[in-house]
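Participant: Fit the two chains together into the complex; they arrive one by one in their own frames, and the hints show the way.
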Amino acid sequence: MYLLLLFVSPPPICCSSWWGGVQMGPPDPILGVSEAFKRDTSPKKMNLGVGAYRDDHGKPFVLDCVRKAEALISSKQLDKEYLAIGGLGDFTKSCALLALGADSEVLKSGRNITVQTISGTGSLCIGANFLSRFHSASRDVYLPKPSWGNHTPIFRDAGMQLKAYRYYDPSTCGFDFNGALDDISKMPEKSVIMLHACAHNPTGVDPKPEQWKEIADLVKKRDLLVFFDMAYQGFASGDIDRDAWAVRHFIEQGHNIVLSQSFAKNMGLYGERVGGFTVVCNDAEEVKRVESQLKILIRPIYSNPPMNGARIAATILNTPDLYKIWLGEVHGMANRIIKMREQLAANLKSEGSTHNWQHVIDQIGMFCFTGLKPEQVERLTKEFSVYMTKDGRISMAGVTSGNVGYLAHGIHAVTK
Amino acid sequence: IMSLFGEVPQATPVAVFKLSNDFKEDANPKKVNLGVGAYRTDEGQPWVLPVVKKVEKIIVADNSLNHEYLAILGLPEFRSSASKIALGEDSPAIQENRVGAVQCLGGTGALKMGAEFLRRWYNGNDNTKTPVYVSAPTWENHNAVFANAGFEDIRPYKYWDAEKRGLDLDGFLGDLESAPKHSIFVLHACAHNPTGTDPTHVEWMQVAEVMKRRKLFVFFDSAYQGFASGCLDKDAWAVRYFVTQGFEMFCAQSFSKNFGLYNERVGNLTIVARDSDNLKRVLSQMEKIVRVTWSNPPSQGARLVAITLNTPELFAEWWDNVKTMADRVLLMRASLQAKLQALETPGTWDHITQQIGMFSFTGLNPKQVEYMIKERSIYLMASGRINMCGLTTKNIDYVAESIHETVVNVQ
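Protein chains in written order, with our numbering: chain A, 1 to 416; chain B, 1001 to 1411.
Heads up, a few of these hints could be off.
To be verified - Restraint-style ranges between C-beta atoms, simulated for each label pair:
(1) A:Q161 - B:I1059: 42 to 50 Å
(2) B:P1009 - A:S109: 21 to 29 Å
(3) B:K1215 - A:E81: 35 to 43 Å
(4) A:S34 - B:Q1095: 28 to 36 Å
(5) A:H409 - B:E1089: 49 to 57 Å
Rather than coming from a laboratory, the hints here were simulated on the basis of the structure. Yeah, the Cβ is synthetic: ideal placement off N, Cα and C, and Gly gets one too.
Looking at chain B on its own, in the form it has when it is part of the complex (with noise of 0.2 Å):
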């Protein structure tokens, strides 16, 4: 029979899950994986935090709890302790009862409820041609997000200069100027993804002064907080910054990395407003997106980061447990810069501690990428990133080794 579909394409598949794919099916047993950005144990294995643990075993004992449904915008106790998470403790802003939040799924639900939102009620109704500028590179499920939310505009900023191999601040902030008013601009808050490469302070304080003044939007995506320095506090230093200059914006926070949660889909729109009236109204619309998708978000991760954050010892053991992965994030920078120094590989190899986060930009291009998969079995997108967490110190040697052949053979 003529079928409905028969016309329905074959997709190409989302890059990243190829990788992986490709990679379990290699037979290599040399093979290293430093495609999905996840993190990994020096043993090459997926970390459950021991505070989770802990709290799993909390919430199975529990018999008070059950599986009910949430409040259509998530778990109360997990959204205000997650939005201080992003704000602090002692923000003026939710001091003031102008910060809100919905609980989504994950850091890309939480960008997909912005986005739509955004799109019917940002600058009046229909914001379809609004510009939504993302980074040059950035995540690629950014622009994704986005235009099915219906943006028909999205723009790349400049970032990322590959000749340097840092921020182009010059051609940031020229875009920032050039941009039109009121275009919305999705800012990486620490560990930017893929480039590894942040603003400084004073390059934050710069480009928050462009969009104030020239009515830019505010659309932070913190999918890295506690990743970047080991530090929560000193990772959301950007998005505090913005809050103190008296931004409106929306900050999409994940906790699928810094609380290992990945499945779980734990995630947080927090919203800041200008006051609790506006606030409110903003939250009524949200509701409504949220109705149409998911009508309530899963409850099983929220209460965990819920009780992990608001019981102080708990809280301890998580910032602990966020230490430790970055922790050997930067054990694992500073020895492969080392070895690659040693080899006397060809070029500068500093971005490599410079940068932050869980990726770095190796500089490696696509033809060097090609050799490295094929040759020698290391899996890395097409882009040149590298997933840090994929390094253990029993494969950093076989990483380094190939590295220095790619590069020394192929051009």
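Here chain A stands alone, though its shape is the one from the complex (with noise of 0.2 Å):
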């Protein structure tokens, strides 16, 4: 027997594979939530875990603005051909629009290149790698903490150093002001500030208008770079305009922004990647050199941004009545948000929670930070088969006039 075993000759190279030392990537966080949900069983169960709006059935919501669009387009019989590197020229100049508004000196004077992107995370890609590549002076990114937790291996793949500011504040689950002016004051200049423009994810806590125009001083005392991130302009407080107010203060205070912008969740198109990069630059003739580097960069990655998204955005963006029932639609949508988010605390206060949940009020946008702890989101979830991340975030979008009672009775019991 053993002297068999001596003459087994080992497995021939042909056999072994070039992968055989990649490991296996640790789960998404988030998506293992979803996948967690997928398979429970329980007819009460909730997934309060991932980011996309739901209606008060639980259900996805198509825009009546982007079906009407669609009809639209689809009765001009367009042809398919490359759009540019950078993107639609219908689409990225409403975008820049309707980020920077009407009234925008930028746009008056050509000074901003806006193009089109892969929705916010493919901005985000551009928007890190551009800066890796022409802002020398700095390889620093400061990020809130906590931040959307995809920033961290954007801007990391890119090549840069992952810093942070205090934010938020666990205590009172609001912002931390005075935290994050001490740690702005004391950041090197020209380094990297990323900014939630608005409903901040995860923590759903902005600044007040006051306190955003003390940060935009700082910030230019201390000459940094602003990067804002704007995902949910619409979302937040249900009006565009509002929602775009820091971006357009600090563009007013004479910060040469970047800006990331989501079409995401305003205009319900997630699967359709649509999104735009922009660069507020000195002029026009920075404008060419930027846009140009800014191809130099597109073009290995994808080459071309997608047709479809863009063209129903631009569509909407520039059509007044579709873009009269989009703003409707869009204050629906953060209407609906915001009476979860009484109900919520309203239902926890009958429940007779001695808690002080005004943060769920407070807070704005899609998510909420609840303030619970891993233990009990753990609970939540074994007990009443509630599915949030272990930070304690919850996707208020999950949350229905159907189930925001159990979702109090829930949260109490395991509260209380």
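Facilitator: Here it is, written out as structure tokens:
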């Protein structure tokens, strides 16, 4: 027996794999929540993980203006020729206009370059790589603590160094204004500071206008490069101008910002991947140089962007009737979220909770940082089949008038 | 104020797009655009495939469809049916569950994902120094895709023999023999861009033998399946042969040309692994790369292709549409060659009909190309590459005469 084993040859080289050394990638924390939710058989289960809007029946919502735009586009019988590297002109113009406003001096002087991107992620990817390549003055990107989970790997992959500034105050479930100012005051000049334009993800905590003003002043004193991430314009307050206020204020104060925009949430165009990346330049001459370099960046990634979603967005933004419908629908989505916040807080009170749940109402946008601790989250999932991320974040979009009572009951049970 | 971007230099424009721009601005009514690689009808118009129009209507009418996020790796029914197109319905690799795919933004996106993965995971954790070989010449974006993914050593492998206007097989095989082990080779599955010159089956077998022996990595770029011969299976012969030879490999597929879906960015990175376990781990790491680049891919184009490939009548109609395009190209090839022969244009012009796919490497030199553009308003790449789709029954005489005049007057 042993003799036989001695003569067994090792597996031939052709049978070993190139990928033997590839480790299993860790599961995505947010998607992991959805996977577990899918497996759960409880009829009362709730998915408060992923940030996609749901109507009051818990269903995905295709906006009416989107359907109308699609019908319009379909009737035009357009061809499918490649877009320019920077994307659909009708889209990029209206995308910039939406963010910067009709009175924008930047638009009038033509000193912005706006390219179409693969939604918000694609925009951040282009932005991060543009800064990595051309912002030689600093490698440092300061993210608010906490920030969207994907910010860190995007900037890291682009070769930037990640740092953080205080933002969320767990003791108040609100904004740590003094902590933020303190940290900003110590940032080295020319560092990049990431600001969430509105509806901060994941906390839902936004600075007030007076606070934004002070931040803008301090950022200017420190000579920092401002990178705005605006993924929820319209979705936060229901008013697109209000939600863009911080972005416009910074520009008015003379900051030449870079800006990422997404139309995933505010137009419900998630899977169509519609976004924009804007660089506010000194003048039109600089715009030409920056634009040429953005194209050089984009071409080896995906050559040119997808048409469908951009065409839908452009049609809505440029057709007055559809634009009006859109404003109403965005307002409607934001309002439903606000109503759910109020109902959740009210229900928690009537459940007899003695905790302060004011932050549920004060926070804004799709997400709510409940303040629940990991053990409480675990109990909420195990005992009530309510799925959320470990940090206590819930997507209000997953809350409906039908299940808000159940949710309040569960939260009270694990926190009393 | 001093700008942070004050030092950003003006980049040179991408050649093929500049060519299109110049064409647009040319006022000559006889102008012809033989530059960018997109199909045109005999009226010189873009062509939305009839089957695509049909499926678009189906999608618009289906109220159960929404615009929710796709999974990170894309639409499952797209990925699997796209891989079947490349590898064959009955591919043993598919049956053995060792084929996976990543839906990507066009062929470019598929190359990008493959390149990023290889740089991180191919031969150890840092492949920045691993040589990447691309054909001489090749699609001009290949270099940039791999360079931007971090590869520092991108080299040409001999491919086009300018003198004989055909494949430099000895040079190709020689470069395969002398390449450092584990080098990555980008191979054009069919209808080589820009030369239109493909290895024969026997030549592919020789290439495969050397690559296997020397442990070179196979990365196919398949942007024209169906466009070469008009038959999807015939055009996939090389890819499928390599699979039968036991290679682990990548195949970047584009549906821009064969579906005419250029601007919807429909691509697929097909991965053939040793076994399903290796495949699983590879896909998990691909997800990480996708997540920091575009999070998840666009749904419209993938839906369109998936519905077509998975519905027998639509699938048959698509084959037909592909053949229509390929046949028109073949007709223009034959026509151009015949006209040049009739004009007794100096040189041999057999390569026009021997070459395959959308492009032809005419053999015109840069001076002759410049003459064609400036004097005749016929736009082609500086390499002498022409897009056969730019030829129509209405302009082919003008083009043939122009080539004749150019060759005679400009050396």
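Participant: Now tell me, hint by hint, if it's right for this structure.
Facilitator: Here is what the structure says about each hint:
1. A hinted range of 42 to 50 Å holds for the C-beta pair A:Q161 and B:I1059, which are about 44 Å apart.
2. Under the hint 21 to 29 Å, the C-beta atoms of B:P1009 and A:S109, about 22 Å apart, fit the expected range.
3. Checked against the hint of 35 to 43 Å, the C-beta distance between B:K1215 and A:E81 comes to roughly 42 Å, which is consistent with it.
4. A:S34 and B:Q1095 have their C-beta atoms about 30 Å apart, which keeps the hinted 28 to 36 Å range intact.
5. About 53 Å separates the C-beta atoms of A:H409 and B:E1089, a value consistent with the hinted range of 49 to 57 Å.
In this structure, none of the earlier numbered hints is contradicted; all agree with it.
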